[in-house]
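Colleague: Residues per chain, in single letters:
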Amino acid sequence: MGSNCQESSKSTIIPDSENTEAELRLTPSAKRQKIDHQIQAQAQAHPHSAAPEANTTFQHSKMSSTSLLETLQLEHVPSTHSVHIAVFRGVENAAFLHQQLLARNADFEYALIDAAVITSRLQVLSAAFKAITLQVAGTLKTPNVHSEIVYALSPASNIAEAYRRHGITPTTKDLVIVKILISPLDADSTEAARAEDIEKHLLAHVKGQPAPFTDETLSALTDWGRVRKYYKLNGVGWLDGIKDAGAKNKEMDTLVMSGMALRGV
Amino acid sequence: MAADTATHQFPLPAILEYPSSTPPELITQGAEGRLYKSTYLLPSIPCAVKYRPPKPWRHPILDARLTRHRILSEARNLAKCRREGVLVPAVYAIDESAGWLMMEWVAGDPVRAAINEWLRRRRDAERAEGRSGDAMVEGTGEADADLVALLRRISTAVGRMHKAGIVHGDLTTSNMMLRPWERGKEPANGHNAEGDELLEGDIVIIDFGLASQSVSDEDRAVDLYVLERAFASTHPRAEKLFTAMLESAYKDTFKQAPIVLKKLEDVRMRGRKRSMLG
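Read top to bottom, the protein sequences are chains A and B.
Going by the numbering used here, the letters in the first sequence line up with residues 1 to 265, in that order.
Going by the numbering used here, the letters in the second sequence line up with residues 1001 to 1278, in that order.
Derived from the structure by calculation, the hints contain no laboratory data.
Note that the structure is a prediction, hence the values are computed from the model and not measured.
For glycine and all other residues, C-beta sits at the position ideal for the given N, C-alpha and C.
Some clues are possibly wrong.
Distance windows between CB atoms, simulated [to be verified]:
#, chain 1, residue 1, chain 2, residue 2, range
1, B, ARG1229, A, ASP244, 32 to 42 Å
2, A, SER79, B, GLN1029, 38 to 48 Å
3, B, ALA1244, A, GLY138, 54 to 64 Å
4, B, TRP1181, A, ASN234, 26 to 36 Å
Calculated pairs, DSS-like style, for lysine-lysine (alpha carbon to alpha carbon, straight line, at most 25 Å) [unchecked claim]:
#, chain 1, residue 1, chain 2, residue 2
5, B, LYS1251, B, LYS1262
6, A, LYS229, A, LYS173
7, A, LYS232, B, LYS1037
8, A, LYS250, B, LYS1163
9, B, LYS1251, B, LYS1080
10, A, LYS207, A, LYS229
11, B, LYS1273, B, LYS1240
12, A, LYS248, B, LYS1262
13, A, LYS141, A, LYS229
14, B, LYS1080, B, LYS1240
15, A, LYS229, A, LYS248
16, B, LYS1240, B, LYS1262
17, A, LYS250, B, LYS1055
18, B, LYS1055, B, LYS1163
19, B, LYS1263, B, LYS1163
20, B, LYS1263, B, LYS1240
21, B, LYS1163, A, LYS248
22, A, LYS141, A, LYS243
23, A, LYS243, B, LYS1163
24, B, LYS1055, B, LYS1037
25, A, LYS232, A, LYS248
26, B, LYS1080, A, LYS229
27, A, LYS173, A, LYS243
28, B, LYS1273, B, LYS1262
29, B, LYS1080, B, LYS1037
30, A, LYS250, A, LYS229
31, B, LYS1263, A, LYS243
32, B, LYS1037, A, LYS250
33, A, LYS232, B, LYS1080
34, A, LYS200, A, LYS250
Let the sequences and hints guide you as you build the complete structure.
Modeller: Structure follows, in structure tokens:
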């Protein structure tokens, strides 16, 4: 299980620390998880030094930077939390990105989601909402809010399995990348600047074609077979009775979101 | 948000205190909880938030356990119905320890309002013709076709829910919504396009706060009995028609339905509670 864990960070070493106290207060299972990550990090040859050199080898993408990152303020989350989302298609360096997560490189603290198991914008936003809510309440089950997003996508409570199924793997082709920025209440002016930094950082290090975060893009990338398997929709017979493909996908999307909401209960 | 909270009679749950494009609106208050209308994720998606506040008169530990248990069972039952294809609100988000449940917002009016409005119009029309307008609705006339179709849809919806293994526990016409059909998407079966639109729409069953999972004929029969009694008291003029429709449409929804209807006769004789044996 260890080698498949992604998305990890030692809260204490993040320079631009967005980690609140809440993240440090971990539940027992999160502590277990954290220990796993530490063991894993020690196993890496050069956990933090390897990344920067590797980064510089990638070329900047040609796409204009303005349309890449979509910034959203979700309903009923504190105004200090903003959600930034990008989609990359045909990613060639998934193995590298995966490695950064395993190495717990703080610069790569993103939710890197496999787009094949994403059905809609709402599914991603739903996961972000859940993760932020838990982060605010101080009840994260995984090391940080970004790994929690990947975990929130899963309808099952096995964290390593959730990373494997919903997170990036070395062979992932299409990615949905989510970054949660948490600003102090009085620092609204810096928000835009930080979002730009993220955009630059993503363009510099993700070798893929940026795409807009729309339902059209996402549904083109969806692997419905995997979605049906992961969210246990194969036993739902009446779904196949729906003739209209759009309506059917919408129903499945709703069931997927219910599955996410009801995880482990 | 201070101004918003001031307009509320009760303190909002913490989750609704965070900013949203439109302030949450208190829709109704029940014995155990409150229902708010708000938005989920984006300003364009309305949602219903059911909040069970802490009860200060209970021991805190007991209170937390009861609230948690009730929120979870409601969410599970909703999800189960949804998976089985019964029209119920989808569960969006849940926080059982904070005591709230976010669900899909169902558009339209409660079935109760629609039926009463329909009966009122009918009475006014009859009075205009010089009759008393208080006679029982028999469902035989051309004009009653809409109501008959609606009662059939209600019975079918309840039958499907029972087939899914859920008993509702509080079936009334107030706990069913009549969600208007999307334009150009009306189902072809069992409804005439010309009639007045008052009684048209999908039956969406709501409020699973008292629901439980059961496949026993007794529980299902009691569920039907509660609905029958609630119907008789809210719409006395259509009572007979309802009983007839219940028996004909419910019977076709699942295999054990005829047995449930037989059981219903026993329940009618003795009332909702089982015999004194325990």
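Colleague: Compare the structure with each hint and give your call.
Modeller: Hint by hint, here is what the structure shows:
no., hint, result
1, B:ARG1229 / A:ASP244: 32 to 42 Å, "holds (39 Å)"
2, A:SER79 / B:GLN1029: 38 to 48 Å, "violated (29 Å)"
3, B:ALA1244 / A:GLY138: 54 to 64 Å, "holds (57 Å)"
4, B:TRP1181 / A:ASN234: 26 to 36 Å, "holds (29 Å)"
5, B:LYS1251 / B:LYS1262, "holds (11 Å)"
6, A:LYS229 / A:LYS173, "holds (19 Å)"
7, A:LYS232 / B:LYS1037, "violated (30 Å)"
8, A:LYS250 / B:LYS1163, "holds (24 Å)"
9, B:LYS1251 / B:LYS1080, "holds (22 Å)"
10, A:LYS207 / A:LYS229, "violated (29 Å)"
11, B:LYS1273 / B:LYS1240, "holds (23 Å)"
12, A:LYS248 / B:LYS1262, "violated (37 Å)"
13, A:LYS141 / A:LYS229, "holds (24 Å)"
14, B:LYS1080 / B:LYS1240, "violated (32 Å)"
15, A:LYS229 / A:LYS248, "holds (16 Å)"
16, B:LYS1240 / B:LYS1262, "holds (17 Å)"
17, A:LYS250 / B:LYS1055, "violated (38 Å)"
18, B:LYS1055 / B:LYS1163, "violated (35 Å)"
19, B:LYS1263 / B:LYS1163, "holds (16 Å)"
20, B:LYS1263 / B:LYS1240, "holds (19 Å)"
21, B:LYS1163 / A:LYS248, "holds (22 Å)"
22, A:LYS141 / A:LYS243, "violated (40 Å)"
23, A:LYS243 / B:LYS1163, "holds (23 Å)"
24, B:LYS1055 / B:LYS1037, "holds (22 Å)"
25, A:LYS232 / A:LYS248, "holds (15 Å)"
26, B:LYS1080 / A:LYS229, "holds (17 Å)"
27, A:LYS173 / A:LYS243, "violated (30 Å)"
28, B:LYS1273 / B:LYS1262, "holds (17 Å)"
29, B:LYS1080 / B:LYS1037, "holds (23 Å)"
30, A:LYS250 / A:LYS229, "holds (17 Å)"
31, B:LYS1263 / A:LYS243, "violated (38 Å)"
32, B:LYS1037 / A:LYS250, "holds (23 Å)"
33, A:LYS232 / B:LYS1080, "holds (12 Å)"
34, A:LYS200 / A:LYS250, "violated (34 Å)"
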